[in-house]
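Number of protein chains: 2
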Amino acid sequence: MEKGVVLLSGGMDSAVVAAIASDECRMYFMHIDYGQRTEKKEREVFLLLVDHFRPEGHMIISMPHFKKIGGSSLIDRSMSVPEGLSREGIPSTYVPFRNGNFLSAAVAWAEVIKALRVYIGATQEDSAGYPDCRQDFYRAFDKVIQKGTARKDIKIITPLIRKKKSEIVKWGMALQAPLHLTWSCYKNDRVACGRCDSCLRRRRAFQEAGLEDPIPYSL
Amino acid sequence: MEKGVVLLSGGMDSAVVAAIASDECRMYFMHIDYGQRTEKKEREVFLLLVDHFRPEGHMIISMPHFKKIGGSSLIDRSMSVPEGLSREGIPSTYVPFRNGNFLSAAVAWAEVIKALRVYIGATQEDSAGYPDCRQDFYRAFDKVIQKGTARKDIKIITPLIRKKKSEIVKWGMALQAPLHLTWSCYKNDRVACGRCDSCLRRRRAFQEAGLEDPIPYSL
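For the protein sequence lines, the chains are C and D, in the order given.
300 is the number of the first residue of the first sequence in the numbering used here; add one for each residue after it.
300 is the number of the first residue of the second sequence in the numbering used here; add one for each residue after it.
No wet-lab data here; the hints were simulated from the structure.
Misleading hints may appear alongside valid ones.
For identical chains, the list gives no copy identity; a pair is met inside one copy or between any two copies.
The calculated DSS-like cross-link candidates involving lysine-lysine, where the alpha carbons are at most 25 angstroms apart (straight line), are [what the hints assert, rightly or not]: (1) Lys302 x Lys454; (2) Lys463 x Lys339; (3) Lys302 x Lys451; (4) Lys367 x Lys340; (5) Lys340 x Lys451; (6) Lys462 x Lys367; (7) Lys367 x Lys469; (8) Lys366 x Lys302; (9) Lys451 x Lys366; (10) Lys367 x Lys451; (11) Lys462 x Lys413; (12) Lys413 x Lys463; (13) Lys367 x Lys339; (14) Lys340 x Lys302; (15) Lys413 x Lys454; (16) Lys442 x Lys340; (17) Lys366 x Lys463; (18) Lys302 x Lys367; (19) Lys367 x Lys463; (20) Lys442 x Lys454; (21) Lys339 x Lys462.
Owing to the predicted nature of the structure, the values given are computational and were not obtained by experimental measurement.
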């Protein structure tokens, strides 16, 4: 079976992607600390997911430049994380070109360990409108890999890109993905706020799927 | 005048690119410490170039993940930097997808400061055969930016991509770029070895240009 690098934030989507990838490749997990508010919790979840899935390798890396660059309420503590669902335009939680940076690191690792796949749990349909979650972006990135690496055949795999969050919940449950371990809140790292865009999308997804979200909220 | 992020290693090519960019945009310099052998020297040169060019902003960022990922003799001290000109295939000095990672960070900064250009001193014609120095890679990256950022109009500018090293030396001299400050050696950070691929290409370039290289070598 070929090798695959799986990018994991600690969120629900990436745990479902890991469950999908576990049937398709020999997994190498990568988690990225980019100075986000909830990194402590995300890292804890990541290590629990490592325990759960037992990938062949795992790596936590730091990208301290995002904090220097700023421009996102997920990083800059002088900005506040908005409550409510984002509706139009690009919300302040957008981290400029974050997924471009994440994919670049994952592709570098894939080149060295000779992995042919890089998995990322991006969703276009039911997301906050981040430009780096669009399918077209990932297909353009495949081309960049083909032109700019020694191993031209590495592909970005986005199993969730066209899925609604409620479908992701159902798929995750069907695969017995450990959704109870995952963390979606943008704001808190102890009890999920339940009110930020990410909490609201997650709660709505479980509701639409007719299932109960196994994590507690501070509501 | 619009803003531009200029990626600078401390090498000759990036100093020439800065001299070119200084006529075309309001400059923001970015230098990246990726755990390379000669970072101490490169950083020193970068700060001298900041003094020389007086950009509107400058930033040194760290990418510690390259050291974890490994796979290159520029980073892994258990591998040796080869002597002589690289001729066929991809040499051990290749850092997997380094320029993909560098461009991603520069694009993130460009998004936040609203710069429309990202300059990089890559050369395809007279390089060591690194895949991330090919023109096609940069054009594919433009597409990734268009699809994956909130500001679709950021462009990667590669003024040297089709130039021979000797032409770069001549162009740099004509623009009064401070080539005496720059550092090309892969191996040493005090006196350039004169024998690694990068030193040899630089020395040959000055020779072909009929000019004297202003830096000393340990030959």
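Status of the hints after comparison with the structure:
no., hint, verdict
1, Lys302 x Lys454, "within (11 angstroms within a copy, 33 angstroms between copies)"
2, Lys463 x Lys339, "neither (28 angstroms within a copy, 49 angstroms between copies)"
3, Lys302 x Lys451, "within (15 angstroms within a copy, 33 angstroms between copies)"
4, Lys367 x Lys340, "both (22 angstroms within a copy, 22 angstroms between copies)"
5, Lys340 x Lys451, "neither (35 angstroms within a copy, 33 angstroms between copies)"
6, Lys462 x Lys367, "neither (34 angstroms within a copy, 34 angstroms between copies)"
7, Lys367 x Lys469, "neither (38 angstroms within a copy, 36 angstroms between copies)"
8, Lys366 x Lys302, "between (32 angstroms within a copy, 21 angstroms between copies)"
9, Lys451 x Lys366, "between (32 angstroms within a copy, 22 angstroms between copies)"
10, Lys367 x Lys451, "between (32 angstroms within a copy, 22 angstroms between copies)"
11, Lys462 x Lys413, "neither (29 angstroms within a copy, 32 angstroms between copies)"
12, Lys413 x Lys463, "neither (32 angstroms within a copy, 32 angstroms between copies)"
13, Lys367 x Lys339, "both (19 angstroms within a copy, 20 angstroms between copies)"
14, Lys340 x Lys302, "neither (27 angstroms within a copy, 37 angstroms between copies)"
15, Lys413 x Lys454, "within (12 angstroms within a copy, 30 angstroms between copies)"
16, Lys442 x Lys340, "neither (34 angstroms within a copy, 35 angstroms between copies)"
17, Lys366 x Lys463, "neither (31 angstroms within a copy, 38 angstroms between copies)"
18, Lys302 x Lys367, "between (34 angstroms within a copy, 18 angstroms between copies)"
19, Lys367 x Lys463, "neither (34 angstroms within a copy, 35 angstroms between copies)"
20, Lys442 x Lys454, "both (9 angstroms within a copy, 17 angstroms between copies)"
21, Lys339 x Lys462, "neither (28 angstroms within a copy, 47 angstroms between copies)"
Figure legend: structure checked against the earlier numbered hints; hints not met, in rising order: 2, 5, 6, 7, 11, 12, 14, 16, 17, 19 and 21.
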